[in-house]
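> When the count follows my numbering, it moves up by one through the sequence shown with no breaks and lands on 203 for the last residue.
Just so you know, not all the hints are guaranteed correct.
Straight-line C-alpha distance at most 30 Å; calculated DSSO-like pairs for lysine-lysine [stated by the list, open to error]:
1. Lys188 <-> Lys151
2. Lys121 <-> Lys151
3. Lys121 <-> Lys188
Quick caveat, the hints were computed from the structure, so don't treat them as lab data.
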Amino acid sequence: MEKTTEYATELYDVTHCAWEGDHTLRLKFDDGSERIIDFAPILRGSFWGRLQDVELFKQVRLDTEIGTIVWPGGLDIDPTVLHDWPAHVAYIVEKRQRQEAMLVHSPALA
């Protein structure tokens, strides 16, 4: 008998994006749900840290082809992560902090 794999994670697309101020966006998803996300905690490091500039952050747009939000320079976040943000944000922040610590202790990597 062939083994099958079931995926518990559903896939979502972002259908609407609106800037709410500072680093906060209101997102709507294809399942009808809505989430307000403050991205400030993850805007760290040389890659995502650029979005601390509110004027750059506000340049976010909805890319309907890939079903998520994107910023200039190719920055995007998986729409399922956005949909389930509370389950992911602590891990993302912790990962960014570890990456920053590695750069501080290994300047050759910077």
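> Next, verify each hint and record whether it holds.
A quick look at each hint next to the structure:
no.: 1; hint: Lys188 <-> Lys151; in the structure: 24 Å, holds
no.: 2; hint: Lys121 <-> Lys151; in the structure: 17 Å, holds
no.: 3; hint: Lys121 <-> Lys188; in the structure: 26 Å, holds
Comparing the model with each numbered hint stated earlier shows that all of them hold.
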